[in-house]
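Chain order of the listed sequences is A and B. The opening residue of the first sequence carries number 1 in our numbering; numbering runs sequentially from there. The opening residue of the second sequence carries number 1 in our numbering; numbering runs sequentially from there.
In short, the hints are calculated from the structure, not lab data. Incorrect hints may appear among the rest.
Stated by the list, open to error - Quick list of simulated restraints, FRET-style, between CB atoms: (1) A:P96 / B:D59: 34 to 44 Å; (2) A:E254 / B:N107: 49 to 59 Å; (3) B:T68 / A:D140: 20 to 30 Å; (4) B:G122 / A:G183: 50 to 60 Å.
Claimed, not checked - In silico lysine-lysine, DSSO-like type, Cα no more than 27 Å apart, as pairs: (5) A:K123 / A:K104; (6) A:K123 / A:K106; (7) A:K123 / B:K87; (8) B:K46 / A:K123; (9) B:K61 / B:K87; (10) A:K106 / A:K233.
All C-beta atoms, glycine included, are put in the ideal place defined by N, C-alpha and C.
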Amino acid sequence: MRGFDSKSLALAAVCVMLLGAAAVAQQPGTTPTPRLNGHPNLNGVWYPYAGHLAPDSSKKGETLQDGSIIASYAYERRYNQQPAVQAPRPARALPPYKPELLAKVKDLSDRQTEADPYTYSCKPPGVPRIGPPHQIVQGDREVAFIYSDVNGNYWRIIPTDGRPHNTESDASYLGDSVGKWAGDTLVVDVNNFNDDTWLGRDGFFHSTALHVTERLTRRGDTLTYEVTVEDPKVLTAPWTLQSRSLELSDERLEEAPPCRDLDRPHLTNGDHH
Amino acid sequence: MTKKLRQASMTIGALFVCAAPLVAHHSFAAEFDGYKPIELRGTMSKVEWINPHIHLFLDVKDAQGKVTTWEVEGGPTRHMRDAGVTKASVDATFGQNMQVWGYPARNGSPRVFLKTMFFPDGHYIAYSNQPTDNSGLGEIPRPAQRR
């Protein structure tokens with residue numbers, strides 16, 4: 001990432017202020033939380049951003065009188081959670097790897113364009129890398145998490161009626177999940193993962209001992225998604241990711257097109273920033 | 001048309017004051033030169049409406065009449081739709097002349113990452129604008145840059 005001139009920085013500051021004001025105007029908890037069978041109703045399509053971006057939704061796909069279609073980068077920003085002007089990416093918190101494994105993390109990170117099991121592969125990203133569910137369908141006995149990922153559509157069926165983990169299933173990319181309600185928070189316990197995924201980019205590998213706990217709490221039309229990762233084979237302590245705020249959306253998920261990567265043969269170096 | 005394009009540029013440009021650069025889900029810098037977009041004019045010959053990125057193919061004829069097929073890489077289908085591009089809208093351009101600005105591949109192959117695309121009917125979409133872009137074109141090449 002390269003430097004920015006003063007105009008860019010000033011523009012970034014203005015945009016951050018505008019976005020901040022928008023976020024403040026959308027404080028969660030101002031609308032009542034709908035309930036279903038005694039629990040918060042998590043049904044809906046949820047998007048991973050906090051605060052509406054003012055010019056967005058009303059202009060999406062709008063065709064001007066001259067035939068021009070409004071194509072707003074704001075949508076990209078919404079999906080990618082990027083600031084208006086891209087700033088140098090801050091260093092991410094490193095999971096608490098065992099000291100003897102730090103060299104492996106660095107090596108994988110340095111070779112990420114070839115070593116990453118997700119990018120360029122069309123394979124499932126795994127949990128927690130897949131992020132919060134894009135849609136939740138909540139039933140009496142189970143909850144479905146549905147994902148519209150660039151690598152494909154994925155789903156997880158999560159029993160919430162006390163059924164234990166399925167010990168008969170093979171280890172998998174998205175693991176085996178069971179859920180329970182702890183007050184108004186849905187707590188999902190996930191295990192039985194394969195090791196063909198990373199926790200995130202930058203070489204954050206894990207073992208098949210991975211154990212993930214997700215916590216989903218709805219307040220008004222905002223859903224908070226929190227994740228804690230444990231992996232006693234490679235980590236010295238649980239690793240809690242930064243929580244995410246999701247907003248209820250009226251968009252509809254669609255069937256993913258075929259996934260076929262055409263980029264890998266054209267990479268000229270290992271740069272992944 | 002020029003007047004219409006100018007109006008459109010002004011309108012959309014205003015919306016883009018706080019525009020963010022698109023970042024592909026993979027490395028951009030390892031694959032494309034984000035400094036100087038190039039212009040392509042050619043005939044749409046193929047559409048690959050796939051994830052994680054769509055790929056459009058333009059048959060571009062040089063001054064000597066030699067035709068080279070250029071690959072134009074866009075984003076995920078969902079992002080493209082939000083940018084005003086559907087599969088139907090690009091399928092409809094098959095065999096028609098398109099103008100594309102894109103960031104060229106670093107390995108010298110005839111490929112670009114989509115910046116802006118002008119459709120045969122004159123409407124256009126702006127898809128990405130790299131923070132490193134020093135071409136002076138801005139978010140959208142102005143009508144004067146259309147020949």
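Subject >> Earlier hints that do not hold, by number >> reply: 1, 2 and 3
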